[in-house]
Amino acid sequence: EAGVAQSPRYKIIEKRQSVAFWCNPISGHATLYWYQQILGQGPKLLIQFQNNGVVDDSQLPKDRFSAERLKGVDSTLKIQPAKLEDSAVYLCASSHTVNTEAFFGQGTRLTVV
Amino acid sequence: DQQVKQNSPSLSVQEGRISILNCDYTNSMFDYFLWYKKYPAEGPTFLISISSIKDKNEDGRFTVFLNKSAKHLSLHIVPSQPGDSAVYFCAASARYNNDMRFGAGTRLTVKP
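Going down the list, the protein sequences come from chains P and U.
With my numbering as the guide, the letters of the first sequence map in order to residues 72 to 184.
With my numbering as the guide, the letters of the second sequence map in order to residues 878 to 989.
FYI, nobody ran anything at the bench for these hints, they're computed from the structure.
Among the hints, a few may not be true.
[What the hints assert, rightly or not] FRET-style restraints, in silico, Cβ to Cβ: (1) Arg-894/U with Gln-151/P: 48 to 56 angstroms; (2) Ser-129/P with Lys-988/U: 40 to 48 angstroms; (3) Ser-137/P with Arg-938/U: 36 to 44 angstroms; (4) Thr-171/P with Asp-932/U: 13 to 21 angstroms; (5) Gln-880/U with Thr-147/P: 24 to 32 angstroms; (6) Thr-171/P with Asn-884/U: 22 to 30 angstroms; (7) Ile-930/U with Glu-156/P: 39 to 47 angstroms; (8) Asp-932/U with Val-144/P: 32 to 40 angstroms.
In this text the structure is predicted, and so the values were computed from the model without any measurement.
For every residue, glycine included, the Cβ atom is placed at its ideal position computed from N, Cα and C.
Given only the sequences and the hints, what does the whole structure look like? Please build it.
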């Protein structure tokens, strides 16, 4: 079974530029999560999809972050414009159903300079 | 939003001894709890979980204990091995929305 795929692995951009991350979850997984992990902290939930609908985006900075899940499968997370404090690892995870373990991708390390 | 707390940023134990990692939560709606292990430059990997209907779940060297009244769970690793050295994250979710929240992590170092 293929795991969660994320791209790119690394990205360096200047502040005020835009950036997009892509995630392909495990086939058949209805739930998809995007997390932001700042160095030394635990993953912070940004947004959760159930199929292609948003379940929770309460911690997503909606003035600059957006996310979509196309046809309930792949997902993209966009930041526009980026700020220095957005430097972090962005993790995508998926799970089959409620109250089951989530599987993580390797993450995208974003550096904003 | 500190619904899940791991108050010990680091733990060091000797190989062969027991490692005990602790986690506290505040949201009484959480009914499913997980532990993840993370190596550098990799995403977290699932280790073990426990449902709120249980107070203990065991998988080989790993055991998770849940104390619902205290809103506390712990991960026991016995015996600890150098390969267990990693950052361990506690996570919790609620059935009604499957919203999974993580603690800040505990870095475990197992010394040979």
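Structure-based check of each hint:
1. A hinted range of 48 to 56 angstroms holds for the C-beta pair Arg-894/U and Gln-151/P, which are about 50 angstroms apart.
2. One distance hint, 40 to 48 angstroms for the beta-carbon pair Ser-129/P and Lys-988/U, holds here, with the actual separation near 41 angstroms.
3. The beta-carbon spacing between Ser-137/P and Arg-938/U, approximately 43 angstroms, falls within the hinted interval of 36 to 44 angstroms.
4. Taking the beta carbon of each, Thr-171/P and Asp-932/U are about 20 angstroms apart, inside 13 to 21 angstroms as hinted.
5. At roughly 27 angstroms, the beta-carbon separation of Gln-880/U and Thr-147/P lies within the given 24 to 32 angstroms, and the hint holds.
6. Checking the proposed 22 to 30 angstroms range against Thr-171/P and Asn-884/U shows it holds: the Cβ atoms sit about 27 angstroms from each other.
7. A hinted range of 39 to 47 angstroms holds for the C-beta pair Ile-930/U and Glu-156/P, which are about 40 angstroms apart.
8. Restraint check, Asp-932/U to Val-144/P: a C-beta distance of roughly 38 angstroms satisfies the suggested window 32 to 40 angstroms.
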